[in-house]
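Asks: Sequence lines, in order, name chains A and B.
Residues 1 to 188 (the numbering used here) make up the first sequence, in order.
Residues 1 to 188 (the numbering used here) make up the second sequence, in order.
Just to be clear, a hint being listed does not mean it is correct.
Copies of the same chain look alike in the list, so a pair counts if it fits in one copy or across any two.
Stated by the list, open to error - Within a straight-line C-alpha distance of at most 20 angstroms, the following computed SDA-like cross-link-like pairs (lysine to any residue) qualify: (1) Lys173 to Asp134; (2) Lys104 to Lys156; (3) Lys141 to His38; (4) Lys173 to Asp161; (5) Lys133 to Asp161; (6) Lys140 to Gly39.
The set of hints was computed from the structure by calculation and includes no laboratory data.
2 protein chains.
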Amino acid sequence: MTSEIDSTAHKGLTIVYTGDGKGKTSAALGNAFRALGHGWKVLIIQFLKGDWPVVFGELASAKQHPRLEILQLGKGFVKIMGDPKPLEEHRLAACEAMRLAKEKIFSGDYDLVVLDEVNYAVDALNLRLVKLKDLIEIIKKKPARTHLILTGRNAKQEIIDLADLVTEMKEIKHPYQKGVPAQKGIDY
Amino acid sequence: MTSEIDSTAHKGLTIVYTGDGKGKTSAALGNAFRALGHGWKVLIIQFLKGDWPVVFGELASAKQHPRLEILQLGKGFVKIMGDPKPLEEHRLAACEAMRLAKEKIFSGDYDLVVLDEVNYAVDALNLRLVKLKDLIEIIKKKPARTHLILTGRNAKQEIIDLADLVTEMKEIKHPYQKGVPAQKGIDY
């Protein structure tokens, strides 16, 4: 079942929020709420442990929003240091996570899908638990009307080439530089 | 009446989202929802006609959120071309808008205040309906615990110097470059 969207010329965009600055996940979160405001159906997949469950947990309980679905895939698979599970187990979990992500996205049920921190999961871990080719397949084969937002620093050039809209969030100034600790409500 | 916040060392940050790329207002919107998720009290002031009322209109009606307040100040004062009202009238409206913004912010009632597109209102209109010195006064005199987010391109250097966190949203790629029109749910 799909939600109502305009029948007027609608092209699902692939949007990338990358760079080292703050605001990537926040922007995707803002877009998600904007989309919900338009009556769209939204799927958010988190590839790293994030703070969103806190937000969405409260909002979900307050609103019981029927058009927002959140999946935490590969839960914990980044915290490999100090984690007793063998790497192979993580690889299998990540593989299963991407399979589920594809299934959900290709179902055509969603107007907007956010893959939060997926760029980071592909690149920066050096473990390549999330494969670049899987991400490319998602971009190329997603339903035409579905908007896709990919966040995370160090987006691969192949992803940038395929995207319609790319913003680099560039860090100009950060309070950590002055020793200010992470702030509740702002950073998490 | 203020909402509950951590009593642990809490410093209200001044955050600037600037640059020519997409995601500034979206990031502030995401931060606002994150803050609401933490039980904070949030004030959003829009200095340009935006799309937020659409989103918040629905959310507000769905949730009747008691901790979110939205003000559209200087309504219409940017659309000066083709607008029959004399400039002086707009100046008075903008002046009154900033007075109200200060009153609200200095009241100490809010954990997070977003001044959406205020950088643009200060700089790019060349009419300086919103005065830089008023914005500087807000940053300097806001309650210590209140977080402040200022969005809009071309943030003045004085504002960047005073801010704790500055991200430049840099446009790497935009669909308008390929002739794709603005997309509902993404751009507005």
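Asks: Hints first: check each against the structure and report whether it holds.
Replies: Status of each hint after checking the structure:
1. Lys173 to Asp134: Neither way: Lys173 and Asp134 sit 34 angstroms apart in one copy and 22 angstroms across, limit 20 angstroms.
2. Lys104 to Lys156: neither (23 angstroms within a copy, 44 angstroms between copies)
3. Lys141 to His38: The answer is neither: 25 angstroms in one copy and 37 angstroms across copies each exceed 20 angstroms.
4. Lys173 to Asp161: Classified as between: cross-chain Cα gap 9 angstroms, same-chain 28 angstroms, threshold 20 angstroms.
5. Lys133 to Asp161: Answer is within: at 14 angstroms inside a copy they meet the 20 angstroms cutoff, but 43 angstroms across does not.
6. Lys140 to Gly39: Intra 25 angstroms, inter 40 angstroms, cutoff 20 angstroms: neither.
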